[in-house]
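Q: Residues per chain, in single letters:
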Amino acid sequence: MDGVRLIARFLGPYRRDFLLAVLCVAAETSLELFIPILMAQVVDQGIMAADLHVVLANGALMLLCAAAALALGLAYARFSARAAMGLGANLRAAEYAHLQTFSFANIDDFEGSSLVTRLTTDVTVVQNALVTGTRPLVRGPSALVAGIVYAFVMSPELAVVFCVVVPLLAVAMFSVVARVAPRYRVLQRAMDQLNDALQEDLAAIRVIKAYVREGHVAERFAAVNEHLADTATRTFRTAVLNVPILQGAMYATSVAILLFGGQMILAGTLTVGAFTGFMSYVLQIVNSLMMISNVFLMLARAVTSVERVSEVLAEEPTLVSPPGALTDVPDGSVVFDHVCFKYAQDAEKDVLSDVCLDISAGSTVGVLGGTGSGKTTLVQLVARLYDVTAGAVRVGGHDVRAYDLAALRDAVAVVLQKNVLFSGTVRENLAWGDADATDEQMLEACRLARADEFLERIGGLDGVLGQGGAGVSGGQRQRLCIARALLKHPRVLILDDSTSAVDMATDAAIRENLARLAGVTKIVIAQRVASVMDADKIVVLDDGRVHACGTHEELLATDPIYQEIYESQVGSGISGEVS
Amino acid sequence: MPARGNAAPSRPHDLLATLRELLSYMSHARWLMLAVAVLVTLAGLANLLGTYMIKPVVNAVGEGDQAAFARGVAVAAVIYVVGVASAAGYTQLMVRAAQRVVFDVRRDLFAHIERLPLSFFDRARHGDVMSYFTNDVDTVSEALNNSFANLVQAAVQIVGTLVLLLVLDWRLTLVTIACDAAIALYVRFSGGRSSRFFSRQQAELAGLDGYVEEMIAGQKVVKVFNHEDANVARFSELNERLRAAGTTAQSYAATMVPVTVCVGYVNYAIVCVLGALLAVRGLTDVGSLASYLVFVRQAAAPLNQFTQQGNFLLTALAGAERIFSVMRLAPEVDEGEVRLVHADDVEAARAAAGAAGWAWEICGEHVPLQGDVQFYHVDFGYEEGQTVLADLSLYAKPGQKIAFVGSTGAGKTTITNLINRFYEVRSGVITYDGIDVRDIEKASLRRSLGIVLQDTHLFAGTIADNIRFGKLDATDEQVRAAARLACADGFISRLPRGYDTPVVADGANLSQGQRQLLAIARAAVADPPVLILDEATSSIDTRTEALIQRGMDALMAGRTVFVIAHRLSTVRNADAIMVLEHGRIVERGTHEELLAARGEYWQLWTGAKELD
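Note that the protein sequences, when read in sequence, are chains A and B.
Each residue of the first sequence is one higher than the one before, counting from 1 in UniProt numbering.
Each residue of the second sequence is one higher than the one before, counting from 1 in UniProt numbering.
The set of hints was computed from the structure by calculation and includes no laboratory data.
Errors might be hidden in some of the hints.
[To be verified] One side of the interface only, derived from the structure: several residues of chain A facing chain B at Cβ under 7 Å:
no., residue
1, Leu115
2, Pro244
3, Leu514
4, Ala518
On a predicted model such as this, the values are computed, not experimentally measured, just so you know.
We put the beta carbon where it would ideally sit given N, CA and C, even for glycine.
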């Protein structure tokens with residue numbers, strides 16, 4: 001039912017088209033049902049009374065009905081297509097727009113691939129259900145009602161047969177649908193399992209071949225394949241019960257009408273024409289029930305998609321700008337005030353616990369620590385990509401939760417660890433940082449990020465990048481991402497391991513260029529000690545806590561973790577200090 | 001994904017060949033299919049004959065013949081009972097037959113794909129391969145589920161109806177045939193236009209899907225750059241174009257039904273009037289007319305059914321054709337006759353294998369494996385005309401560590417891909433203990449080469465399952481020993497369920513470093529004499545990296561090793577370092593020798609050049 005409400009809501013301006021489509025089908029159906037009545041008159045008054053005038057007049061009426069049905073049918077085609085496609089477009093637009101309000105936490109909730117399917121395949125399924133489902137959904141019930149009414153008009157006594165058969169049939173078909181509908185979900189799950197197994201094996205094909213495990217994975221695939229075949233067999237075996245049930249009902253009705261109708265004609269209480277007309281209602285009424293049950297089966301499959309779409313729409317954005325938000329970030333100072341954080345409320349352990357840091361505007365801070373020590377989490381709190389669980393993060397003297405989100409994120413530029421460029425030209429990609437930037441400004445940003453040295457080779461600002469930045473190497477991509485962030489002219493610049501694929505010399509040059517940016521606070525996460533050695537302050541994180549904080553010299557003298565990292569890198573030549 | 005039922009069918013190129021192949025699959029369920037065909041025919045005939053019985057019944061009533069009337073009704077009842085029983089039978093049997101066939105198709109397709117050479121996976125996108133199993137197998141399955149029986153039934157009914165109509169009244173039948181022909185003509189005419197509209201809709205849909213996919217993959221970047229509104233604007237543009245194209249295509253497709261319905265009415269009206277005129281003149285009886293009119297109304301149904309199911313069937317055959325064309329691709333070649341066996345597996349090899357644990361099996365004789373690998377003038381390219389490796393020669397003596405360094409695309413990974421015959425050399429020879437690798441049975445060759453790849457790829461299952469992937473019959477103790485050797489035992493024991501901790505979705509619940517350690521353990525449990533290590537490029541913190549290094553070092557001890565290095569720190573103690581550039585070895589020597597030479601390697605070492 002929620003699904004119906006959802007569809008009604010998102011039909012929006014196309015609601016009119018939908019209603020007109022429904023009206024067209026209803027009118028067309030009643031015209032069709034009118035024809036047996038005309039036919040009965042032809043037989044009774046035309047043939048029996050040999051009145052050619054009645055025959056021709058009714059024949060002309062029938063042709064008129066045909067013409068009207070064509071017009072209504074064509075109108076329906078147009079209206080239903082407009083409504084269905086409009087619904088699809090509205091659903092996609094609403095989903096996509098809503099998706100833009102998602103915070104990082106919301107995005108984490110749906111893994112990427114599932115969001116894509118919810119926006120594409122699922123919407124298409126709903127849209128197609130409307131295209132193919134509207135006609136039978138309207139036609140079924142209206143043909144049923146009209147057929148029974150007309151049958152009663154023709155012969156109330158004979159129509160009693162329908163009163164017995166239709167409820168029985170309805171119960172039988174309903175019980176089939178009720179049994180099958182939930183099975184479709186089980187079937188869908190079995191299909192998902194097969195797809196998952198397949199995807200896993202495709203991704204790992206090199207490992208499988210390297211270990212000669214083709215036979216082993218084939219066995220695992222056989223298991224999911226068999227499960228799917230079994231589930232499908234069980235589901236469809238119930239679904240196809242509809243066919244014999246329906247035919248049985250139709251045939252039983254036909255025989256009953258032949259039997260009772262014949263006797264009524266013999267007794268003189270029924271005309272041959274009415275009897276013949278009656279026979280065509282049998283087909284009509286039974287078919288309409290078939291249609292209704294088919295529509296329900298089809299809708300049962302579409303319902304899953306509607307649910308998946310509405311889950312996206314129902315997801316509450318976890319981060320919103322407060323009312324009366326601050327729109328100006330006065331300076332680039334950053335303060336962590338007893339910050340605790342965990343990704344999920346029910347998570348056992350904090351990712352960050354009781355972090356206190358004071359970073360003055362314009363200074364450079366390096367962050368070091370092992371995998372899982374909370375470095376990335378720490379910096380993401382600055383741009384309010386997640387909200388703290390306890391404590392507060394202050395930028396420019398105000399709690400980040402007091403700012404307008406867009407204003408805060410314009411002032412705090414984050415170069416994410418998992419960064420991406422998009423398909424398009426280099427200029428289009430850089431324009432993400434500043435849509436109004438001139439070519440000179442873009443080139444200047446590239447120079448600062450040392451992206452200028454390869455820019456010409458890839459075609460300059462007009463050079464075309466493939467999806468995910470295909471066409472440039474890992475190190476080049478990282479430099480373009482830094483240039484893009486610089487174009488925002490941020491007050492705080494956060495580099496999350498953003499030069500890991502850049503060689504030593506370039507890394508140093510970039511650091512040197514960034515150091516000259518006055519008034520910009522720089523927070524740099526790095527694996528290499530060399531990348532943060534010159535920072536005003538170095539923070540060593542361990543297991544979500546600030547283990548130590550100080551300059552390179554201080555930490556080298558006092559902190560064992562820092563000493564260990566330094567030794568391991570300098571000892572193996574990673575620091576690039578050899579000759 | 002084309003929507004079933006309203007998309008223009010993509011037609012198979014070689015219909016007969018595909019049909020033959022599909023039929024050979026259907027013959028797996030030969031008796032079921034035969035029973036279905038018989039029962040469908042019975043059900044169709046019952047439907048026709050039942051309707052035909054209206055004529056004698058009405059005529060008997062007209063003549064007031066009680067006995068004939070009772071007989072007519074009884075005969076109709078018997079016919080109908082047979083009809084319902086047949087329908088119940090064929091629908092159940094068809095479901096079984098269809099699922100049997102589809103199961104076999106999926107199984108064979110999967111088995112075949114697993115055997116294809118890696119070059120296939122380089123070219124085909126995952127989505128395309130998945131689509132063989134989802135879209136293509138599904139259309140075949142749907143066609144078998146519904147179309148096959150419906151098509152047979154519709155054919156029986158169309159032919160039967162025409163015959164009975166001719167029997168009832170040949171003049172009226174001409175009208176019906178003319179109307180059917182009109183419908184057929186319209187279907188032909190509109191099919192072409194409809195498919196053009198649909199291909200435009202599919203193109204717009206593909207464009208929108210592509211945009212959504214790319215942007216959702218980068219959604220976090222979108223947030224960081226406040227780019228939400230700009231994205232919505234671009235999306236709306238694409239969305240609107242899809243809506244417009246879709247509306248046109250669907251409107252056009254939906255005209256099919258009203259046109260058919262209208263022609264049906266016209267047919268009915270003409271038959272009604274013409275029949276009445278004939279009846280008035282005494283040229284036909286009322287019973288025939290009554291029967292005839294019911295037939296005419298019924299006749300439209302199988303005809304619609306036939307065109308619709310015919311289209312489904314063509315779509316399914318197009319899908320089947322794609323499936324069979326994959327199945328026709330040649331699998332990896334393997335005509336090697338020399339086998340390599342592990343002492344644990346073959347009793348006779350135990351004595352011969354000695355400490356290495358592996359032995360050659362040549363003509364029933366067992367010779368211990370040394371682990372000597374040589375390349376003689378090897379040329380290679382992934383595609384025709386492309387050269388990735390040119391005239392490459394090198395040797396690795398048993399127990400030596402050979403490192404490859406060089407920029408992306410220099411051919412480092414390619415070299416290792418050739419040793420285990422993921423790809424075949426274009427010219428030149430690679431030998432393993434002096435034996436051409438092409439003469440070695442592929443499975444045993446690969447089993448003897450341990451590989452730790454950049455992409456670790458874990459499978460759904462427990463941690464222990466994933467380590468055991470290297471040696472399926474490894475005991476718990478062997479699994480633990482391998483983990484200890486790889487320095488993975490530490491973190492595994494700290495997990496809440498230890499070795500039984502489930503690994504989800506390619507190890508998403510483990511860190512990159514932990515996945516790497518598991519991959520090392522997986523290689524260790526296989527105990528291979530030769531190792532290929534492709535270092536991870538992604539950043540791992542130095543402490544974990546040190547752990548991984550310790551694991552790698554332990555694993556390398558006593559084995560011939562090829563290392564594809566992304567960090568120079570790991571190559572320092574190699575017996576030989578090969579610096580590759582554009583598929584050629586430009587420098588070779590030990591760390592000290594190369595530094596002294598002040599060439600490429602020296603530039604990389606001092607950070608003057610990017611290493612990736």
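Q: If a hint holds in the structure, say so; if it doesn't, say that too.
A: Structure-based check of all given hints:
1. Leu115: 5 Å, holds
2. Pro244: 4 Å, holds
3. Leu514: 18 Å, violated
4. Ala518: 23 Å, violated
The structure fails hints 3, 4 (numbered hints given earlier, in ascending order).
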